[in-house]
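> Protein sequences, first through last, are from chains C and V. Residue numbering for the first sequence follows this note's numbering, starting at -1 and increasing by one per position. Residue numbering for the second sequence follows this note's numbering, starting at -1 and increasing by one per position.
Mixed in with the good hints there might be a few duds.
Among the chain C residues that face chain V by a calculated CB cut under 8 Å, a handful are [claimed, not checked]:
#1 E188
#2 D233
#3 V236
#4 R288
#5 G355
#6 A356
No lab work stands behind these hints: they were computed from the structure. C-beta atoms are modelled at their ideal positions from N, C-alpha and C, and glycine is treated no differently.
Protein chains: 2
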Amino acid sequence: MINWLEEKLCALNVTSSMNQSEGFTRLGYSDEEKQAHTQFINIANELGLHTFEDEAGNQWAVWKVEENAPTIGLGSHLDTVYSGGGYDGVAGVLCALAAVKTLKDKQITPKKNIAVICFASEESARFSVSTLGSKAVSGELNKEAIKTISDQDGTTIKQAMEQVGLNWEKVQQAERAESDLEQFLELHIEQGKILEDQGFDIGIVHGIARPIRLSVRCEGMANHTGTTPMNNRQDALVAIAPLINFVEQEALKMNEREGASIVATASVATVKPNAMNMIPGEVELGIDIRSTDNNLKQELYASIYTFCESVEKDRNVKVMITMLVNDASVELDKEMQGKLFAVSKSLGYKTISMDSGAGHDVMNMALKWPSGLIFIPSHKGISHHPDEFTEIKDLANGTKVIAAYLESEVVG
Amino acid sequence: MINWLEEKLCALNVTSSMNQSEGFTRLGYSDEEKQAHTQFINIANELGLHTFEDEAGNQWAVWKVEENAPTIGLGSHLDTVYSGGGYDGVAGVLCALAAVKTLKDKQITPKKNIAVICFASEESARFSVSTLGSKAVSGELNKEAIKTISDQDGTTIKQAMEQVGLNWEKVQQAERAESDLEQFLELHIEQGKILEDQGFDIGIVHGIARPIRLSVRCEGMANHTGTTPMNNRQDALVAIAPLINFVEQEALKMNEREGASIVATASVATVKPNAMNMIPGEVELGIDIRSTDNNLKQELYASIYTFCESVEKDRNVKVMITMLVNDASVELDKEMQGKLFAVSKSLGYKTISMDSGAGHDVMNMALKWPSGLIFIPSHKGISHHPDEFTEIKDLANGTKVIAAYLESEVVG
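Bound-form chain C, shown alone (with noise of 0.2 Å):
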């Protein structure tokens, strides 16, 4: 198995060595993404999987037993950021088709049917909107909401989806009836660093904490730096600044809290004019806040706007906060997360439940459909990096993890 998922990891890299110092780049629907998707359909065909296209570009890879039983849902996706790494979501569509391997390989006969799913444009890195094609399966893609948004060359989500082949006006059919699949598992690298600085082989996520993302904009008034004194300025950077410090303390005080788990970071962070003679006269804070607990994320919003209503009257500036993400935080399947952590277990893994804090195209199939997560580690945690790194025996062991658990859901 070591040596199938070396070769196959290559092959859904389209790459025969995976140290490349500039990473993988495959946008969502490029022709990069499309020559990923035929190297999945290539083995999966090997497997002898049925496969096929659905009308989102996602890629199907069935393993039917029969017409009328229930389907397993596995998969990942196979598109990358710019110069990322060769396991976010690689991992998971490889150790999917290499758990369905070892079915096929222990001569089992599944009573549920098995369809592998590669979902198209799972990464924001090409359209600021990610996982497009999970969206679509799962009847949460909005068409006219996102037809006019483009990549930095100017070609739109539509015009891209046609120039792969796909037909805009029925992209939305490839939306799945709750009755055509059963249960969804995806397995993903952990992109942290908990399971490897605590020593952990397998994660099971009992929920993804989607973001809030707020835009703060503090507007002062620009001026000489030179000629405006001390006690005569509106520099909005002094303001602002502070709340960078807040956001983070409030976060760090929260987590003392007994079982809650919150990050917020200032992450970006705009001034105006930026020029080494003037006052700031506008900074831009954008602040990305995450908890799988909706509660505590709503209560850090109320705590900045009550903070920057103070900066307002103290600091004779402007501040206005604008919500640009308010995402809905998901709850994985509970009985899913125990017999999947139940499973690790009986395979001798160090297993531990945790949190996803980033987004998975499983956040999307939870909303239809009983779903579960499995992490492994990421060496470092580094990712959306050529240094992206699992080790092949991180793979071995999900892989493990998924096969036991398909045999015990299809065997039986």
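Assemble the complex: chain C is given as a structure, and chain V must be docked to it using the hints.
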């Protein structure tokens, strides 16, 4: 005189109306600056002055009474920043010409020569180095050090000078011997709002606060905002943000000391990767510190240094401080200050002694000749902006101060 000032203000701005929503753009060594210089020559010729251009592109208009008599220099510049105002620089050239006209109208025969100088390329907007013309005259221009500096279109200073007909090889020959001038006097708009806010007509400047400029680079570790726990981050923005407020608070504290005056600003902030879902891995702050007291500037620099050492220790980041600029501040001639103050008061003007927080051509001239600087009010302190405005009555007041000062120097 009011009508003459209004007319010539427009002429020097090469316009028929001072109401220009886009302001004026006359970059150093551009055709636009050249057109303004031509207007200067025309006015000077109307006044019967002898005009010539020196090797650095400065325009001289000389009222020569005797070859061996001392020469009093007056003047400022006509170039602007991008979309600047019509008073910064122009006011000083205009009032100098108007003062000469005043003496001529009074049919005074001066005992000294008077030279009105229109310095080239005072603003740093085009080439990031300022006061090129007055640096050349005072011998402060290092041709070799600047020859490869280019504007945003890639045109070097050398090329720009050649495009307006100058000979690069001879630029430093614009330097004048100490004996060529007896003294130099500039008038400028304040570019701050001390005069207007406190109801003064005239400011007599005792020193020019030139900057220390620091680049403070903080290196942490970029990582995913969703997958990196709060207690396992090296957030460069969280680490360095308190420095923004430290700089302000330290400057405010120093100003509380008897006689101390300093301004300090974190004016530039650049964050990498500056993406919503990435923890800031690197932040570069630009800090501008100005005081006429060089010791105060050095003291604040030392405090910032110590502060950054503690940031490194407390936050597990690297902080590197680079001193980009360390210009010694310039004291103006005390005797001239006294005379100018007395002349201004005797004309009935509310007069204040003050610092200049911005650099001007006079700071170079002061390195070689006894020099003075007169400020007139800037409406709301706005400068380098289309809304820059100074009332004609203030230009008339400034003219009267220069004329009366000249009269006291050249008569009797």
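> Does each hint fit the structure? Answer for all of them.
Tested hints:
Taking 8 Å as the C-beta cut-off, the interface hint given for E188 (chain C) holds, the closest approach to chain V being about 7 Å. Annotation: interface hint on D233 (chain C) holds; nearest CB of chain V at approximately 7 Å, less than 8 Å. With a cut of 8 Å, the hint placing V236 (chain C) at the interface with chain V holds, because the nearest CB-to-CB distance is about 5 Å. Of the supplied interface hints, the one on R288 (chain C) holds, with its beta-carbon coming within about 5 Å of a beta-carbon of chain V, less than 8 Å.
For G355 (chain C), the suggested interface contact is upheld, since its CB lies about 3 Å from the closest CB of chain V, less than 8 Å. The beta carbon of A356 (chain C) is positioned within 8 Å of a beta carbon in chain V (closest approach about 4 Å), and the interface hint is therefore held.
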